[in-house]
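Go by the hints and put chain B onto chain A.
2 protein chains.
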Amino acid sequence: MGEMVRVDHLAEERRKAQFDVSAMKVAWAGSRRELEISDRMARIVASDPRVNEVTVFCVIKIVSFFVEEEASKLRAAVDEPCYMDLHWGMFIPAIKGQGTDEQQKKWLPLAKKMQIIGCYAQTELGHGSNVQGLETTATFDPKSDEFVIHSPTLSSSKWWPGGLGKVSTHAVVYARLITNGEDHGVHGFIVQLRSLDDHSPLPGITIGDIGTKFGNGAYNTMDNGVLQFDNVRIPRDQMLMRISQVTRDGKYMVSNVPRQLVYGTMVFVRQSIVQDASVALSRAVCIAVRYSAVRRQFGSQKGGLESQVIDYKTQQSRLLPLLASAYAFRFVGEWLKWLYTDVTQRLQANDFSTLPEAHACTAGLKSLTTSVTAVARFLMKTVSSLASGEPPVGTASYFARAQHLMQCNCEVHNADDWLKPSVILEAFEARAARMAIACAKNISKTSGLEEGFSEFSIDLVDVAVAHCQLIVVSKFIEKLKQDIPGNGVKEVLQVLCCIYALSLLHKHNGDFLSSGCINPKQASLANEQLRSLYSQVRPNAVALVDSFNYTDHYLNSSLGRYDGNVYPTLYEEAWKDPLNDTVVPDGYQEYIRPLLKQQLTSRAARL
Amino acid sequence: MGEMVRVDHLAEERRKAQFDVSAMKVAWAGSRRELEISDRMARIVASDPRVNEVTVFCVIKIVSFFVEEEASKLRAAVDEPCYMDLHWGMFIPAIKGQGTDEQQKKWLPLAKKMQIIGCYAQTELGHGSNVQGLETTATFDPKSDEFVIHSPTLSSSKWWPGGLGKVSTHAVVYARLITNGEDHGVHGFIVQLRSLDDHSPLPGITIGDIGTKFGNGAYNTMDNGVLQFDNVRIPRDQMLMRISQVTRDGKYMVSNVPRQLVYGTMVFVRQSIVQDASVALSRAVCIAVRYSAVRRQFGSQKGGLESQVIDYKTQQSRLLPLLASAYAFRFVGEWLKWLYTDVTQRLQANDFSTLPEAHACTAGLKSLTTSVTAVARFLMKTVSSLASGEPPVGTASYFARAQHLMQCNCEVHNADDWLKPSVILEAFEARAARMAIACAKNISKTSGLEEGFSEFSIDLVDVAVAHCQLIVVSKFIEKLKQDIPGNGVKEVLQVLCCIYALSLLHKHNGDFLSSGCINPKQASLANEQLRSLYSQVRPNAVALVDSFNYTDHYLNSSLGRYDGNVYPTLYEEAWKDPLNDTVVPDGYQEYIRPLLKQQLTSRAARL
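Order-wise, the sequence lines are chains A and B. Sequential numbering of the first sequence, starting at 26, is according to the numbering used here. Sequential numbering of the second sequence, starting at 26, is according to the numbering used here.
Each hint can be trusted.
Repeated chains share a single entry, so a pair holds when one copy, or any two copies, can fit it.
Okay, derived cross-link-like pairs now, DSS-like style, lysine-lysine, Cα gap no bigger than 25 Å in a straight line:
| id | residue 1 | residue 2 |
| --- | --- | --- |
| 1 | Lys362 | Lys500 |
| 2 | Lys515 | Lys445 |
| 3 | Lys131 | Lys622 |
| 4 | Lys168 | Lys276 |
| 5 | Lys50 | Lys362 |
| 6 | Lys532 | Lys546 |
| 7 | Lys338 | Lys532 |
| 8 | Lys622 | Lys138 |
| 9 | Lys470 | Lys338 |
| 10 | Lys532 | Lys500 |
| 11 | Lys137 | Lys362 |
| 12 | Lys546 | Lys466 |
| 13 | Lys500 | Lys406 |
| 14 | Lys131 | Lys276 |
| 15 | Lys50 | Lys500 |
| 16 | Lys121 | Lys131 |
| 17 | Lys445 | Lys338 |
| 18 | Lys338 | Lys466 |
| 19 | Lys622 | Lys121 |
| 20 | Lys50 | Lys504 |
Read the hints as simulated data drawn from the structure, not as lab findings.
Next comes chain A alone, as it looks inside the complex:
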């Protein structure tokens, strides 16, 4: 950790660990090189107060002084959302994915040197996920060879784009393309928003910041914005024309590049969201595990020490599945990163075959509960094409064994059988397949496909969740087939993998039981095994969160300190609060004293 630690209140916990923590740090980071860079960047951020002073200032340095890999790790270590994320994460990728070669040649160098700063203006006040419902228009004017960008209504105001509120000079704006009075649907346009001389909004453009966001304030460093266009003109060549074109005379032409290419940017964003989720979860788990080891409550024998909270089974049943999930999400995130790179390379070579599945599973994994319709549709399509003999692809390839999965019996006779990866995998595959096929059957009985999708949408969500959980479980199992060096590292990861799978099985045992994938006896054996796995992972808990290699600076938590010195820290922090600058509070004379002395003023009586 590199921090000066006088007393390590968690030393005893660390002595209990049964694996090589430094090797686990490598496994978590992905490679020794990535660990080394992350570690170095985290130290820079922790040691130089200026870096955190002003995010904007720090990001200037990212761009100027670090290579890309270092910059992205430094960005992660700084841990404050800012406009830069949208510039690099969406503005540039959108131009890369949807711009023609000439457009890329013109705009990318400007953007990469940050001579312009861009954002991604898609969402409108009245329109979010349904991109096809956007109202902003881009009408081609053949006289001037320009597009006129316009916000026809209040609800068409762009709303939410990060980086828009205060910083961006440009945006990729999504608007309905209209040529010769015909609406060709939503397309992307590069629009300059602010003067490069004095940063004032260009004529016809109204920009503001949408203000503070609901919640704990973590996103308030981002200048999410609002934007309206009053007939703003841009040259024709600022429409992103890789997928479709408008010619000089206003003719609309579609190239043979599929429209789904637009999803490419979203695939990137979603895979980063999965990565970010694993970081956020691991950070929370790190704090919770350390504090649960420090905190004692109940269970003391006459004046002795109370029990560590982490030793309670109920606490373990909440904490350890989350610890296992942090590792599971980390490994599935790693796989998604590979998937994205693979899809991108294929797209560059005009191979679009893997895009639909990548689109579906990044959407599903992005959240196991929201916007999973894409996954469900993809699965229903997979089920319906089973009859044709067409082999299912990618993460859906288990459907090739649908016949077996529909009738297989779970081979669990005692609790230890639940430790076999093949048994776990088959149970999850059978559950996902049976739920998907049952749902497809129900839909096929309705009057029409869309009606069926609507009527059974709740079940479709459950189907998608089952599929996505299977992906995470199977990627964890695949990871464990690889070489993972370090004493005891693979062993403890195997325990975590089983905890992840069996805690899911417990949580969703209604699915497994009602589809007959397991019987009540097997469900109860799974719980028995889970209890035993909790005991096995318990001595490794603190070392497993140490393996995330987070500095105290990054965790920024009194409860989650590396040295476990929780109480003095909490106590000292409290006294720093400005409320403690005075002993007798402001307002005593005005409000408290008159109350205590029963001298309410006439002012108080006027209500």
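Just chain B now, kept in the frame of chain A:
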């Protein structure tokens, strides 16, 4: 609502309602009188900006100008936590419950006139739920006839008490009573903290505020505090002596009043927490239902209006069970209020028979997942005493029919059978009884009771949850047996009751299936019925949240406005943010311009 509404964007929704909203308002409020008072107080708060200006100021008025019932409704309408809650809600009840008659006579008038302000100093930095583990000491000094209150360690500092940080002059302090070198465990003492002349802490007392709280800031109006004692002396008669006494010569004596009396205060607080939970949930649901009716997304036919989000089954499956829960919690809260009053009256008459069950079920209902051990222990005790023929009491009386519940078959053959209250009730009773009895069996096989409780604590939590859910379902069903006036009011409440029960049954179908209370076919019929119930309640959704009778002022939400005029409100609110006071942001010259112009200064290069 009484507000000036020009255009009602939800008028169409309100026209659809199939019940009498004003009658439902009465059913929600509890009585016409309570509705009238709540409504009046909400208007006072909404119309007089001074009331919200400073909570302290407003509370002065509560005390001075309103009768108690009005004061509590006004407090609810102001909706900001403050020290007053602890003074009235814990300090006074603690003295009432644990003080002798003389102590009550001395302290209650001072407290009720607010000539002193008190808080409840129990929790310590190192000790929360385990009250018996507290470290603060109260050592009797027979020479001076005083107790010496002392904080021997850092972790013994009182930590969290609301009202302590800045306002309270007194506290009920919990400390280990020591007489003649013997530790008699934790007792309550009335301790003066601050001077009544100038509000400065008395000698030997250190007080501070613990600062801002994690989360969305809702609790930052409360002055949660930290407190240390350095050998602070108080007269002997400031120990709360109803339960046990220390005589002039230091003898410790226990009266025949049971120790659980201490729980009386907690029972009160917990029942208020259940009430508050129903308020918080109903408020969130009100905002979510209205916005879901305003918001449209997807599903448009060529340029037509998109579908209202509330019409999606997936949205209904998330929203409507919560709407049903709001009503369910309201009614169970009403029952708990009755229970508390009943227990209190019995306690005054030295009848302690109903306290253990009240303690157990308020703890369980307070949270369906935390601190439910009490419930589980109570249930295990109930199960073990079944053999003795002793009839189980209160909410556990269904155990009298344990034999039947262990073997009964669910009588559901088609989806409509799930509408019968008797069928629902029996399924929930059978599930709770079977889980409790199975758990008791497992525990009986372990080497000792405490080991068993520890080993099966996860199952015990599930048992407690099953029992508490049964309570909520059965209280909802009982409510529907009462007379509920108003056109269609009872009918729509019946639909909500079934939604509440069947959505729980769906969520926990693993419990119901593995214990054989229902079979997979019946689980699927329950889902079918649930889908149909969602459609039935859909047209009433907006009217059902209107029935909470919340003013826009109280909701304080752009999305949840009564008139549904969401987008213009969001838009206007955004522009009020101080960030929009300037068009070109502060920091442009220093940070953004040098970046765009590639003129990074040497200052930036020093990193």
